[in-house]
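Model the full assembly from the supplied sequences, consistent with the hints where possible.
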Amino acid sequence: MHLHRYEKIWLTFGIGSLVIFLTVLGVSAFAFGQQPPSHMAKVDPQNVRDAAPFDEPGLRQINETTYQANIIAMAFTYQPNKIEVPVGSTVRFHVTSSDVVHSFTIPNTNVNFMVTPGHINMAEHTFTEAGSYLVLCNEYCGTGHHYMQMTIEVVE
Amino acid sequence: MRNSALKVEDYNSNIGTTVAPKDAKLSMAHIYIAFSAFLVGAIAGLLQGLVRGGMIELPNWLGYYQILTAHGVLLALVFTTYFIFAFLFAGMSRTHGAFSDRLRKLGWTGFTVLTIGTLLAAILIILNEASVLYTFYAPLTAHPLYYVGLTLFVVGSWISGATLLGHYFGWKKAHKGERTPLFGYMTVATIVLWIIACLGVAVLVLLQMIPWAFGLTDEINVLLSRTLFWYFGHPLVYFWLLPAYIAWYVSIPKIIGGKLFSDSLARMAFVLFLLFSIPVGFHHQLMESGISEMWKFIQTVLTFVVIVPSLMTAFSIFGTFEQTGRAKGGTGILYWLHKLPWKDVRFFAPFMGMIIFIPAGAGGIINASFQMNAVIHNTLWVVGHFHLTVGSTVLLTFFGISYWLIPHLTGRKFTPFLNRLGMVQTWLWAIGMFFMSGAMHLIGLLGAPRRTAYTTYQNHPDALVWFEGIFTNYVTIAIGGVILFVAAVMMFYNFIYMTWLAPKGDTEFPISEPAEDASETPKVFENWKLWIGIAIVLILFAYTIPIYDMIVNAPPGSPTFDFLIK
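Chains A and B are the protein sequences, given in the same order.
The UniProt record's numbering applies: residue 1 is where the first sequence begins, and numbers increase by one.
The UniProt record's numbering applies: residue 1 is where the second sequence begins, and numbers increase by one.
Each hint should be verified, as a subset may be incorrect.
The calculated lysine-lysine pairs, modelled on DSSO-like cross-linking and capped at a C-alpha distance of 30 Å, are [unchecked claim]:
1. Lys529/B / Lys173/B
2. Lys82/A / Lys566/B
3. Lys259/B / Lys343/B
4. Lys413/B / Lys328/B
5. Lys413/B / Lys25/B
6. Lys172/B / Lys254/B
7. Lys328/B / Lys8/A
8. Lys254/B / Lys343/B
9. Lys523/B / Lys259/B
10. Lys8/A / Lys254/B
11. Lys8/A / Lys259/B
12. Lys105/B / Lys343/B
13. Lys8/A / Lys529/B
14. Lys413/B / Lys22/B
15. Lys105/B / Lys22/B
16. Lys259/B / Lys173/B
17. Lys523/B / Lys8/A
18. Lys25/B / Lys254/B
Sample of chain A residues lacking proximity to chain B, with all beta carbon distances greater than 10 Å (derived) [what the hints assert, rightly or not]:
19. Phe21
20. Ser38
21. Ala52
22. Leu59
23. Gln61
24. Gln79
25. Gly88
26. Thr126
Per label pair, the in silico range of CB-to-CB distance [said to hold, decoys possible]:
27. Ile123/B / Met40/A: 35 to 45 Å
28. Tyr335/B / Arg5/A: 15 to 25 Å
29. Ala51/A / Pro559/B: 12 to 22 Å
30. Ile358/B / Val27/A: 25 to 35 Å
31. Ile56/B / Asn108/A: 20 to 30 Å
32. Met40/A / Leu464/B: 34 to 44 Å
Worth flagging that the hints you see were computed from the coordinates, not collected in a lab.
This structure is a prediction, so every number in the text was calculated from the model and none was measured.
Note that the Cβ used here is the ideal one computed from N, Cα and C, for glycine as well.
Rendered as structure tokens:
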């Protein structure tokens, strides 16, 4: 089987680019910890409110600038559906679903993950600017899907 | 000499082999259903664009998510599958001779089962009992019979696939030691890929969803169901793409009056697609919990490998273009481009699809890029992406195929009038897609969700920007959608014209002569047991440990949620 010289150049360039892309992704993931949200903790999806941390949904302060937000996604809202943190806070979102698949998505940030029943997913974000942040569900979850939202108020 | 191979009259007088009349009937039966589904799906798409832009409201007997389900199922599953089988049945008859009566009967059985499944699913969508979108993610629950419809759809496609495989291997038996025609080789790769991919959805529907939806089991393992779906869902896109590639490799060289660049590289590309399109489903699940980073990354690496055969295809096809252009007297670095038949829709429509595949492929690389997926996951960007890939590259190629396939099957002429209609149709499709898909990509970057009815999120400023931009505006999407709808209606008219109205006569089914190097093509490419074996090894490598973990360490399952969709 014969490979044309130009094809060799083309494939070397193409495959070389892919190797560089993958290396960048791999290094930023495994050396710098920029992993996709892949939390492994599990819950009973039919009884999410029976056990910690979802027996008390809401915001908990961990230290001066860090908070943990325990949130239950459900058709067609989040519980709680409003939280308030001071500007500069880092918030760890722990989210699960009490019914079908949802997402927890804050537009214009990198917080955008799936919430599958039976699993807890999480992401962390530091809010450096004050304002009202929209959280929405971007996974179809039923007839009221487009009403599913909450807000995060970041205050001075 | 310019464009000499392309004059419509030349084509009609230069008939080689044809599709056997009885096989043409089977192929046309698929075409009727394909284009009927296409028209209804396009109407649903138009309505969606107008609803999301806030321009119309649907009557209360018609739900947004109902038409969204219809749009996805009719275009992504019904139109594509029926068109693909129409093309493959006709092509196999053209290149391997008429099907035997026994095999053709099997083909009709496949068609019948496929169609019963389609009708059952369609009825339940119309009754609003199945508004679960075409991905039907558990634990949202459709009417149990909807899953029966899907099962019949898959079974029907397997029977049709078996017919094609039977014809190919029958030919091989009768022509011992000969190299198989490229069309047949590529058909087998496509069908084998489809059968292996469907194993995932078969397990999902038969072992998980049907018992659960009928109430025989109480709970479903959601993560496992999603994994099985995407084991199937990603190679599904290659099931759409490979038939388009068949036309690029086998028919386009003939249409432009040239020869394929290389036979062995074409076969190698298809083998690589078979091997690497399946063990990669996790790149659709990068943002979900319960799958470890390591396994997501391994499948991301495998996902990138499948880019290689597309790079090879790009080289082969453009190599064919240059060779042909130069053989016709084109010189210089780019002047040979002038020698290509730009005014022939049978070339131009697929060519437009190829050009669109460049940004589409680049977008796909972004989507699969592990942590970067968070930026675009489930936003309108993704919808913009697959309207370029399947919605433009694949569809424009299928339209390009239609212009000779349908008149060939119906015994009519490909006329200059039809060619002009086709050229306008192609431009309208490309322009409409530029507005619709372009705006979808950009609004997606601003966070707009996919699969969501009209909403301003209580006039939240982050959502209102999607309605305020000059280009990044839901209205731009709707405008693109209207242009696309006009193009779709034109295409439907073209189908009617080619089927019943065009003057009687002959149109060639273009099959390129073998490439110069065809005789040297290594025998190993014909060793299907080897390729299927390697494919299975790769699948076991990529999936065994994560799936074992999903089953053994599963959280309690989920009950049905059928009330949420009504």
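Evaluation of the provided hints:
1. Straight-line distance between C-alpha atoms of Lys529/B and Lys173/B comes to about 16 Å, which keeps the hinted pair within the 30 Å bound.
2. Taking the CA atoms of Lys82/A and Lys566/B, the gap is about 28 Å. The hint holds against a cut of 30 Å.
3. Between the alpha carbons of Lys259/B and Lys343/B the distance comes to roughly 20 Å, so the proposed pair stays at or under 30 Å and holds.
4. For the hint linking Lys413/B to Lys328/B, the alpha-carbon distance of about 26 Å falls within 30 Å, and the restraint holds.
5. Only pairs whose Cα atoms come within 30 Å are accepted, and Lys413/B paired with Lys25/B is accepted, the gap being roughly 17 Å.
6. For the hint pairing Lys172/B with Lys254/B, the CA-to-CA distance comes to about 24 Å; that is within 30 Å, so the pair holds.
7. Of the pairs offered as hints, the one joining Lys328/B and Lys8/A holds, with about 26 Å between alpha carbons and a cut-off of 30 Å not exceeded.
8. Distance restraint check for Lys254/B and Lys343/B: the Cα-Cα separation of roughly 16 Å lies within the 30 Å cut-off, and the hinted pair is therefore satisfied.
9. Distance hint between Lys523/B and Lys259/B is fulfilled; the C-alpha atoms sit about 21 Å from each other, no more than 30 Å.
10. Of the pairs offered as hints, the one joining Lys8/A and Lys254/B holds, with about 26 Å between alpha carbons and a cut-off of 30 Å not exceeded.
11. Of the supplied pair hints, the one linking Lys8/A and Lys259/B holds, its CA atoms being roughly 21 Å apart against a limit of 30 Å.
12. About 40 Å separates the Cα atoms of Lys105/B and Lys343/B, which puts this hinted pair outside 30 Å; it is violated.
13. Simply put, Lys8/A and Lys529/B have alpha-carbon atoms about 28 Å apart, close enough for the 30 Å limit, and the pair holds.
14. Of the supplied pair hints, the one linking Lys413/B and Lys22/B holds, its CA atoms being roughly 19 Å apart against a limit of 30 Å.
15. This hinted pair checks out: Lys105/B and Lys22/B have alpha carbons roughly 10 Å apart, not beyond 30 Å.
16. Between Lys259/B and Lys173/B, the direct Cα distance comes to roughly 27 Å. Compliance with the 30 Å bound is thereby established for this hinted pair.
17. Proposed proximity of Lys523/B and Lys8/A is supported: the alpha carbons are some 22 Å apart, at most 30 Å.
18. For a cut-off of 30 Å, the pair hint linking Lys25/B to Lys254/B stands: about 25 Å separates their Cα positions.
19. The non-interface label for Phe21/A is inconsistent with chain B: the shortest C-beta to C-beta separation is roughly 7 Å, within 10 Å.
20. Residue placement check: Ser38/A does not keep its beta carbon more than 10 Å from all beta carbons of chain B (closest about 5 Å).
21. No beta-carbon of chain B comes within 10 Å of the beta-carbon of Ala52/A; the shortest separation is about 16 Å.
22. Distance check on Leu59/A: its Cβ is at least 20 Å (rounded) from any Cβ of chain B, clearing the 10 Å threshold; non-interface status holds.
23. Here Gln61/A stays apart from chain B, with its beta-carbon at least about 24 Å from theirs, past the 10 Å limit.
24. Non-interface status of Gln79/A relative to chain B is upheld: no Cβ of that chain comes within 10 Å, the nearest being about 17 Å off.
25. For Gly88/A, the non-interface assignment is confirmed: its Cβ lies about 20 Å from the closest Cβ of chain B, beyond the 10 Å cut-off.
26. Against chain B, the non-interface label of Thr126/A holds: every CB pair exceeds 10 Å, the least being about 15 Å.
27. Taken as a hint, the range 35 to 45 Å holds for the pair Ile123/B and Met40/A, whose Cβ atoms sit roughly 42 Å apart.
28. Distance hint for Tyr335/B and Arg5/A: a CB-CB separation of about 22 Å, consistent with the stated range 15 to 25 Å.
29. Taken as a hint, the range 12 to 22 Å holds for the pair Ala51/A and Pro559/B, whose Cβ atoms sit roughly 19 Å apart.
30. Checked against the hint of 25 to 35 Å, the pair Ile358/B and Val27/A passes, with Cβ atoms roughly 27 Å apart.
31. The hinted range of 20 to 30 Å is satisfied by Ile56/B and Asn108/A, whose Cβ atoms lie roughly 29 Å apart.
32. The hinted range of 34 to 44 Å is satisfied by Met40/A and Leu464/B, whose Cβ atoms lie roughly 38 Å apart.
Of the hints listed earlier, those the structure fails to meet are numbers 12, 19, 20, in rising order.
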